[in-house]
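Since chain A is already given, all that's left is putting chain B on it; use the hints.
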Amino acid sequence: MDPLALSRLQFAVTTIYHFFFVPLTLGLSILVAFMQTLYYRTNDETWKKHTQFWGKLFLINFAMGVVTGIVQEFQFGMNWSEYSRFVGDVFGAPLAIEALLAFFLESTFLGLWFFGWDKLSKRAHLATIWLVAFGSNLSALWILIANSFMQQPVGFVIRNGRAEMADFFALLTNPNLWTQFPHVFFSGLATAGFFMLGISAWHLLKKSNVEFFRRSFQIAALAGLFGIALVGLIGHNQTQRIVQSQPMKIAAAEGLYQSEDPASFSLLTIGSLDGRSEVFAIRLPALLSLLAYNKFTGRVEGIDDLQAAYSKQYGAGDYLPPIPWIYWSFRAMVGAGMLMGLLALCGLYLAMRNKIESNLLFLKILPWAILLPYLANTTGWLMAELGRQPWIVFGLMKTEQGVSNTVSGAAVLISLILFTIVYGALMVVDIYLLRKFATSDPMQAAHEAAY
Amino acid sequence: MDLNTLWFILIAILFAGFFLLEGFDYGVGILLPFLGKDDEERRVIINTIGPFWDGNEVWLLTAGGAIFAAFPHWYATMFSGFYLALLLILIALILRGVAFEFRGKDARPGWRKFWDWAIFFGSFIPALLWGVAFGNLLRGVPIDARMNYTGDFFGLLNPYALLTGLYGLVLLIFHGASFLTLRAEGEIAERARAVAARLWLFAVVLLFVALGASYALTDMYTKLGVNPGVIPILGGVALLAAGWFLRQKRDGWTFTMTAITIVTTVFTIFLTLHPRVMISSIDPNFSLTIYNASSSPYTLRIMTIVALVFVPIVLAYQGWTYWVFRKRVSKKSLKA
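Protein chains in written order, with the working numbering: chain A, 1 to 451; chain B, 1001 to 1336.
Just chain A, with the same shape it has in the complex (with noise of 0.2 Å):
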């Protein structure tokens, strides 16, 4: 059993598993800020109604991500000692400082706000569920500061046989940095928007709460369209950033073998199995060009010629990523969004028109278009973490180099499996739970302020 394959299997299983729950959090909690903000306001109860509503299932979400994010900051430690030894001095502070500013802000002021209707002044209780907005999304960026340092690192030096941080603010302006984090920042709001929107959705087409449902719908379809509309712009950034910054990537999202000026948009790449090689391909010619540079010439590399040129840079070796599921998630990424910026149109649409409740295929819809935000997410992260490979840290460290090499193969094998179950019977657990509250009537909750 090889402790470096079981390693980077279990890392993509418990990184995924826990990405599927962040990004509901960063976007719902300022939605449900949102709308305790509105009660605060308008002393409308239904806001409180709503504020409640969501808050459960806010809360439900939230301990997932909080349970499976201990494993994340664990396991460099533990599968990636050697990662941990080489990156340490960089790498650990963003990670210590997202525990010290942002982990304890959203524990501590969760637990005043959902404990604390009663206790606190209506003003201090609302500035409690805008600080676990805000250390909530405080989090998603220190971790990615570190996450950028992979990426692309900056401000370190190679001393002592290690990276060591030679300018901490250069991690805190990373280039890489301000366009990942706005993009899953907004991704979060399209995530909650979507969530909000179905669960809505659902209601209006049982004829539950009209009134109520309506609501939340116009909130949830703004929310969704504006985020979707932000993570494609910057995400079109974010790619001309990438073309220079780490061109194998988008190669391979592509499945552009040889370099092209100008650079064709690849329609459908049939590649070989161990994708090496491109079997059959229907091309868009210069459509890639304009979506690297905004014009219709200008060279795009191709895998092939990277993989001679990295030869040549940092020895003879295999630099090529894992081609057809970078090719395969880019697509399955972009079309969701693009499928999720016409669905939150649409849903505007009606709902500025007042006939949301008329249109029943597309209130039949939306509740399967949950999983949208949910298939981008988690193909957006294997795009950015597969595309990265074999780097661990992009130029300086290959993964099969971080490895732990004191943990057997046997013991990743028993964690693996470990893991899975678990994981694999909480996401039944959690889906039973939020299918629960998300179907349940509003009005009849049960006002609660303790377990």
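Heads up, a few of these hints could be off.
Stated by the list, open to error - Label-pair distances were calculated between CB atoms; the ranges are:
#: 1; chain 1: B; residue 1: 1317; chain 2: A; residue 2: 346; range: 42 to 48 Å
#: 2; chain 1: A; residue 1: 427; chain 2: B; residue 2: 1040; range: 47 to 53 Å
#: 3; chain 1: A; residue 1: 432; chain 2: B; residue 2: 1240; range: 47 to 53 Å
#: 4; chain 1: A; residue 1: 358; chain 2: B; residue 2: 1107; range: 36 to 42 Å
#: 5; chain 1: A; residue 1: 169; chain 2: B; residue 2: 1194; range: 54 to 60 Å
Source of the hints: derived by calculation from the structure; they are not laboratory data.
As the structure is a prediction and not an experimental result, all values here were calculated from the model.
A virtual CB, placed ideally from N, CA and C, is assigned to each residue, including glycine.
Only chain B this time, still in chain A's reference frame:
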């Protein structure tokens, strides 16, 4: 004082804070199935720690993050070396965390019972294993010249470490019971007091046995001397005093005393370790110290600034939380 020492102290403080705070919610979690006779009582018990447990757990995450940032080699060696032990702790913390949130979301007795036991085991396993881990840190573990842990999981389960694990476990249950006397009401508080009274003697005996074993089996004697100094003595005195205050029903004082014992126990461990963070049982020269395991001076400086600004802020708002939820939890208060 150099920054390496400062960070060693800061990490000691983070662990002290972690065991002081999360310690009582481990204790409460372990006592839950035994002190709560029915669902309503169990709800009271859970709600005594309801608003706090998540924020308390962050002390651990921050301690882990601080080790990673300030002493990356310590983080790498310990987390990879104690792999299976940490795996068990992780699984326990996962189940425990969701249990608090999920338990009340369904009224079926089987469902509630399941999560009650998830809280029990999720609290019991880490409460025991942290003590085992710290026992091994004191005793030393096989670490080679390249800072790699060369032992296995069962090597960690040696008699000395199991003894420190047991001491930690009993101390945290005692601490949890004394917390319940403060935050629960009526019968539950009385039952907690009765349990605490029974645990007290056990804790005292274990403290002295563990201390004796530490003098014999670790280099606590060479580090601290015959007279171990004010911090360890304070810990022992506080534990003895806790028994007296318990009988006087001075619950606030009892809790203060168990808190002091926990904090001083952690400090005693760190005093014995200093300047090492992981002792090699193969060769003292292979031990990881606050110097050979540390981050660069630049990183330590950045982290120091961040910590000095934000730790007081965290303390302030967490302190405020305890003030907001200072009232006792009762069956009546849950219905309101």
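Quick rundown of the hints versus the structure:
Between residue 1317(B) and residue 346(A) the beta carbons are some 43 Å apart, a value that agrees with the proposed interval 42 to 48 Å. A beta carbon spacing of about 30 Å between residue 427(A) and residue 1040(B) contradicts the range 47 to 53 Å that was offered as a hint. Between residue 432(A) and residue 1240(B) the C-beta distance comes to about 50 Å, which sits within the given range of 47 to 53 Å. At about 38 Å, the CB distance of residue 358(A) to residue 1107(B) agrees with the hint of 36 to 42 Å.
The hinted range of 54 to 60 Å is satisfied by residue 169(A) and residue 1194(B), whose Cβ atoms lie roughly 58 Å apart.
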